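There are 2 protein chains.
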Amino acid sequence: MIERLGAPLADPIFNQLAIIGAGLIGSSIARAARRRNAARRIVLADHSFGVLERAKALKLGDLVTDDAARAVRGADCVILAVPVGANEAVGRAIAPALGAGVIVSDVGSVKSAVISTLEAVLPGHVRLAPAHPVAGTEQSGPDAGFASLFVNRWCILTPARGADDEAVTMVKSFWEALGSHVEIMSAAHHDLVLAITSHVPHLIAYNIVGTAADLEEVTRSEVIKFSAGGFRDFTRIAASDPTMWRDVFLHNKDAVLEMLGRFNEDLTALQRMIRRGDGDGLFALFTRTRAIRLGIVAEGQETAAPDFGRRASTAEEPEP
Amino acid sequence: MIERLGAPLADPIFNQLAIIGAGLIGSSIARAARRRNAARRIVLADHSFGVLERAKALKLGDLVTDDAARAVRGADCVILAVPVGANEAVGRAIAPALGAGVIVSDVGSVKSAVISTLEAVLPGHVRLAPAHPVAGTEQSGPDAGFASLFVNRWCILTPARGADDEAVTMVKSFWEALGSHVEIMSAAHHDLVLAITSHVPHLIAYNIVGTAADLEEVTRSEVIKFSAGGFRDFTRIAASDPTMWRDVFLHNKDAVLEMLGRFNEDLTALQRMIRRGDGDGLFALFTRTRAIRLGIVAEGQETAAPDFGRRASTAEEPEP
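Chains A and B supply the protein sequences, listed in that same order. Going by the numbering used here, the first sequence opens with residue 1, and the numbers climb by one from there. Going by the numbering used here, the second sequence opens with residue 321, and the numbers climb by one from there.
These are calculated hints, taken from the structure and not from any lab test. Predicted model only: the values in this text are computed from it and were never measured. Check each hint, because a few of them may be wrong.
Which stretches of chain B does chain A cover? Using the computed rule of at least three CB atoms under 8 Å from a CB of chain A, they are [unchecked claim]:
no.	segment
1	329–336
2	515–529
3	599–608
4	623–630
Stretches of chain B that chain A covers, calculated by requiring three or more beta carbons in the stretch to come under 8 Å of a beta carbon on chain A [to be verified]:
no.	segment
5	360–372
6	440–450
7	548–560
The C-beta atom is built at its ideal place from N, Cα and C for all residues, glycine as well.
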């Protein structure tokens, strides 16, 4: 899949965009916004010295600073691109420097908890328009970002009741400029949907990789060598940023535990089928699940190439 | 990852190789053996009319037949490349036609059950040398196969006590000719190792895809749209061949249930961490699991590209 950004906009959507957090997501937003001319001026802030140095070297912003309050001064849009659990501290730090009417958005994988937090710590004169770009890789940091990360991915907006329409429309236009499709839903529904499409998958991936690492009968070397049997697919998402994912689970506890409950019920049923030798039951499930992947490929959310297109040589080599 | 077969062998390992089953694995063995000149003559058998027609059209063998007994007549090596549960019927069908001293191997993802079955139905004059190439894709059938499927993958041999050394050595040479690394272990240990590196991962992937498909609160369209959050990775292996996987679970029941028990214990602990808000516990696990992926990449069993290299554009595009 080759994903390309469109040509630069004639008129930027924002005059000054402040991005707090210059990791994979924040740095990708900066790159994409620059490429698409979606903001006249881009200011990046990060509290990590190492990240700042890289962001400066990569020329990711017109200004790169460790001072989040300074970064948001004069901005008409602020995007918080920090782990979900850091929003409260960042919100408090920038609150005094936020101008009247400034749009504040975020990129958190959890929405209800983040909205409650931001509503509590930000001044009433800001216009909150939360967002979640459903995109990423297992890598972290400013060097891992790239401009086309959001192209053809979905971005979910979860405006609170009474949110400012213009602010939501501008954030929607911004994400569309970055190549995303935008969908709007309630924060509560978002948290339930993402629990099954993202949070529980990460949890069980982390879990099985942990289980395999702890076995005494099977060595780590064996797990690694024979991982092509399926296990290695799980290790990708189990290599995702630990801070980000710790915060996701702590802040979307209810929806994750609910979906995990369903997963466990179904797994118990599957376990019973194996114990009882119910081949027909297994076959029926395994046939049904094929259809979901076909849907994902058809919707352009996945490559149709076998094995994720991992091996360049799955196409038949020419005869020697 | 580009994987290449070596140049054709000067001397073929087998004179006549019979492959029973022309699916993804059987057809890939035929292609690779032909390319490497690992057998002078290749005969393919399959009981499915559609598969036979494709195998003939693709010129996968010197002879392509629906008669497994005919296929093994005159062969010095027979490889059974059928779902694990089909080995008994195929073994009975070919038994009368197997010459003295013929090597019989297989490719099953389960070894103890297959060995017991084949020892029971095959004549005493055959030399059994079971194998399991740990390679494949989520696709099935002769069109999905390719010659380099086994290159740089591991193939596990599980000779029974008292197995013929020469037969094991020849099967080892054969898989090495197809580009694989070979490891030898007991069938019981194989079944335990593969339960954690392959069978349980498939089971939980099938399970979560089933759970997601059955939700009432989240639509199938939402699951598909927002699958880039992690879920879509699981759909790949949950799109694998249903017959093959039904047979794996029915024939490796004990090891699968044992490893599933470990997985469940660990998942319960993780669930408790989330419920109690134990951020340190979550962070510790999520940090530990990163190391395993690094090991898999370092061992050449996985691409180092982010997101499996799915998106050709993860490298920064040139400035416009």
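Results for each hint:
Note: the segment 329–336 of chain B has 0 residues with beta-carbon separation from chain A under 8 Å; the three-residue rule is not met and the coverage is violated. With 14 residues having a Cβ less than 8 Å from any Cβ of chain A, the segment 515–529 of chain B passes the three-residue criterion, so the hint holds. Check on the segment 599–608 of chain B: 7 of its residues sit with their Cβ under 8 Å from a Cβ of chain A, so the three-residue criterion for coverage holds. For the segment 623–630 of chain B, the assignment as covered by chain A holds, since 6 residues bring a beta-carbon within under 8 Å of that chain's beta-carbons and 3 suffice.
Under the rule that three or more residues need a Cβ within less than 8 Å of chain A, the assignment of the segment 360–372 of chain B is violated, with 0 such residues. Remark: the segment 440–450 of chain B is not confirmed as covered by chain A, as 0 of its residues place a Cβ nearer than 8 Å to a Cβ of that chain, below the required three. Beta-carbon proximity to chain A at under 8 Å applies to 13 residues in the segment 548–560 of chain B; the threshold of 3 is reached and the given coverage holds.
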